[in-house]
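Each protein sequence line maps, in turn, to chains A and B. Oh and the first sequence: position 28 is 28 in this note's numbering, straight run, nothing missing. Oh and the second sequence: position 31 is 31 in this note's numbering, straight run, nothing missing.
Since the hints were derived computationally from the structure, they do not count as laboratory data. Here the structure is a predicted model, which means the values were calculated and not measured. It cannot be assumed that every hint is accurate.
[Said to hold, decoys possible] Cross-link-like lysine-lysine pairs, in silico, DSBU-like; alpha carbons within 30 Å at most: (1) Lys-52(A) x Lys-77(A); (2) Lys-60(A) x Lys-102(A); (3) Lys-68(A) x Lys-52(A); (4) Lys-56(A) x Lys-65(B); (5) Lys-52(A) x Lys-7(B); (6) Lys-60(A) x Lys-65(B).
Residue strings, one per chain:
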Amino acid sequence: GDSVTQMEGPVTLSEEAFLTINCTYTATGYPSLFWYVQYPGEGLQLLLKATKADDKGSNKGFEATYRKETTSFHLEKGSVQVSDSAVYFCALSHDSTLTFGKGTMLLVSP
Amino acid sequence: SAVISQKPSRDICQRGTSLTIQCQVDSQVTMMFWYRQQPGQSLTLIATANQGSEATYESGFVIDKFPISRPNLTFSTLTVSNMSPEDSSIYLCSVAVSGSTDTQYFGPGTRLTVL
Chain A
1 GDSVTQMEGP VTLSEEAFLT INCTYTATGY PSLFWYVQYP GEGLQLLLKA
51 TKADDKGSNK GFEATYRKET TSFHLEKGSV QVSDSAVYFC ALSHDSTLTF
101 GKGTMLLVSP
Chain B
1 SAVISQKPSR DICQRGTSLT IQCQVDSQVT MMFWYRQQPG QSLTLIATAN
51 QGSEATYESG FVIDKFPISR PNLTFSTLTV SNMSPEDSSI YLCSVAVSGS
101 TDTQYFGPGT RLTVL
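Hey, can you work out the whole structure from these sequences and the hints?
Have a look at this one:
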């Protein structure tokens with residue numbers, strides 16, 4: 001079946017550092033790929049998505065590129081802020097079914 | 001996208017009781033889903049709420065424990081029945097809109113604590 005693997009956290013960074021959170025997936029066919037973010041005490045927000053190979057999703061300074069050859073969708077941001085502290089979930093959608101990774105907590109200190 | 005609200009936002013309940021969670025969307029949506037997020041964990045799909053018919057449950061979830069209603073295209077309820085402390089979780093509804101059913105938008109969640 002479909003699965004998503006993302007790096008374990010927490011990821012601890014200083015403000016303005018470069019962020020990478022790795023995500024790889026296993027799926028048949030051509031799923032859509034997503035990053036969701038969950039701020040403390042809140043629900044999930046869609047951060048970005050990509051629907052086909054080589055698509056780049058971007059939002060709020062975050063980017064991720066759909067790499068079919070490596071089955072990856074790594075999340076990057078050039079300069080993180082304290083307000084980016086949250087849990088980040090990588091997910092794929094296949095036939096309207098979402099499969100989530102386990103989530104990666106990001107902690108950004110001033 | 002869609003604006004989704006859930007009620008209640010949080011509750012503390014006694015074991016053996018039931019709680020009904022409401023999910024309201026500001027526009028008609030194609031699909032509605034219910035998820036559980038146990039403390040420190042990822043999301044697990046409970047069921048797909050089908051308008052006007054019985055929900056479609058995932059393995060490990062049953063209608064007697066988690067009855068779901070969806071009377072129209074903008075509203076759904078999830079009941080957590082005969083609760084035990086193991087039911088303490090965040091319960092989230094999500095929706096997918098016509099023309100973009102691969103993308104789900106989530107409500108703010110209901111934080112349930114069972115004593």
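- Please work out if Lys-60(A) and Lys-65(B) have their alpha carbons no farther apart than 30 Å. 40 Å, violated
- Message: For a C-alpha distance cap of 30 Å, please report whether Lys-52(A) and Lys-77(A) respect it.
- Response: Holds - the C-alpha atoms of Lys-77(A) and Lys-52(A) are around 21 Å apart, at most 30 Å.
- Query: Holds or violated: Lys-52(A) with Lys-7(B), Cα cutoff 30 Å?
  - Reply: 36 Å, violated
- Hinted pair Lys-60(A) and Lys-102(A), Cα distance within 30 Å: 22 Å, holds
- Lys-68(A) paired with Lys-52(A) [C-alpha distance capped at 30 Å]: Satisfied, since the Cα-Cα distance of roughly 8 Å is no more than 30 Å.
- Task: Please work out if Lys-56(A) and Lys-65(B) have their alpha carbons no farther apart than 30 Å.
- Result: 41 Å, violated
In summary, the numbered hints that this structure violates are 4, 5 and 6.
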